[in-house]
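Chemist: Sequence:
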Amino acid sequence: MLDILAAEYSKAGDGLLQFGIDGGGPAAATGQQMRGIVMAKSGWSSYDASATTSAPLYGCGPDGMAIFTSGTAGQLSYSNLTATSISINYWDVSGAFRYRIDGGEWITVTGAGTNTPKTVAIDGLALSPHMIEIDTSVNTGVVSLLNLVAKGSGNGIEVNKLGNGGITADGYLKVLPYIEYTAQQLDLDVLFMCIGTNDARRSGGLALFESSLDAWVNAWKTACPDMAIVLVIPSQGNSGYVIPMTDIRDATIRVAKKYETEWFDFRAFMPAWSKARDAGMYWDNLHLTNIGANYLTHLACKEFLL
39 MLDILAAEYS KAGDGLLQFG IDGGGPAAAT GQQMRGIVMA KSGWSSYDAS
89 ATTSAPLYGC GPDGMAIFTS GTAGQLSYSN LTATSISINY WDVSGAFRYR
139 IDGGEWITVT GAGTNTPKTV AIDGLALSPH MIEIDTSVNT GVVSLLNLVA
189 KGSGNGIEVN KLGNGGITAD GYLKVLPYIE YTAQQLDLDV LFMCIGTNDA
239 RRSGGLALFE SSLDAWVNAW KTACPDMAIV LVIPSQGNSG YVIPMTDIRD
289 ATIRVAKKYE TEWFDFRAFM PAWSKARDAG MYWDNLHLTN IGANYLTHLA
339 CKEFLL
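Each residue of the sequence shown is one higher than the one before, starting from 39 at the first, in the numbering used here.
Some clues are possibly wrong.
What the hints assert, rightly or not - Straight-line C-alpha distance at most 25 Å; calculated DMTMM-like pairs for lysine to aspartate or glutamate:
1) LYS156 to GLU46
2) LYS313 to ASP252
3) LYS296 to ASP322
4) LYS156 to GLU218
5) LYS199 to GLU143
6) LYS259 to ASP288
7) LYS296 to ASP252
8) LYS199 to ASP316
9) LYS199 to ASP252
10) LYS259 to ASP322
Said to hold, decoys possible - Have a look at the derived ranges for each label pair, beta carbon to beta carbon:
11) ALA266 to THR178: 29 to 39 Å
12) ILE139 to MET265: 46 to 56 Å
13) GLU298 to GLY141: 44 to 54 Å
14) ASN193 to GLY141: 44 to 54 Å
15) VAL76 to ASP227: 24 to 34 Å
16) ARG138 to SER191: 19 to 29 Å
17) GLU341 to GLY278: 23 to 33 Å
It is worth saying that the hints were derived from the structure and are not from the lab. These figures come from a predicted structure and were not determined experimentally. Built from N, CA and C at the ideal position, the CB exists for glycine as well.
With these hints in hand, go ahead and build the complete structure from the sequences.
Modeler: Set out below in structure tokens:
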């Protein structure tokens, strides 16, 4: 989607930056980063809403992920990052971290222990590639980072990657209290949500999927009332489904109609998995290749954005 829209309108900034916690899939080698951003990290523990039944100890981003440490060895960097402003969103605990831009002077941020989300805003950058480095060498408590947001002031679009591999709709329930803070910074125009594959392959039940998706849509509409939402029904992969994907489709459409959002039934546009696999559209039994993703995003852009 970023490639398609940036070719049409150019790119303003790089948007929300994830921490590379999702380790698998075709984008594993790039740490799940887009458009040539290079991320490196070490010395952190991770929170991932898709990998635990517990709520985050120190907050998380709208993608359900965060990194935290009580040590002094935490390091994080992003390079080849396009932005005129960078926000470091963190959970205000008792620790301290420091950051620098483009190899400049280190600046220390010390937590006040308010147990609330806070932001370091770095403004006035030239609209060009930058590098940001963060470490916890000055830490004496707990540091928790929720995400970074890179925004540009030039003409163009920003695409924010908020996905979480392996998550189910009810997995996002742990994330709902933390959506509003980052959502207001992102100032999104359209939010696409493609979910249901993982829910359909486990025994949580259709009612849990629908009520959880309902709560997620409600949280985002509350945070961003002027934003459009498009609920995307996934394609039919090659796996054991406990809940038929047609039931997932129907539940998704019910939620969309309830909140007057859009929906897109990608399943209806895809051939059977075996044929789609032979056409090079699937990376494995469930995940699309670049070819499959290109097909999906061209359809979505044509119907909703271009």
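Chemist: Which earlier hints turn out false for this structure, listed by number in ascending order?
Modeler: Per hint list: 1, 2, 3, 5, 8, 10, 11, 12 and 14 violated.
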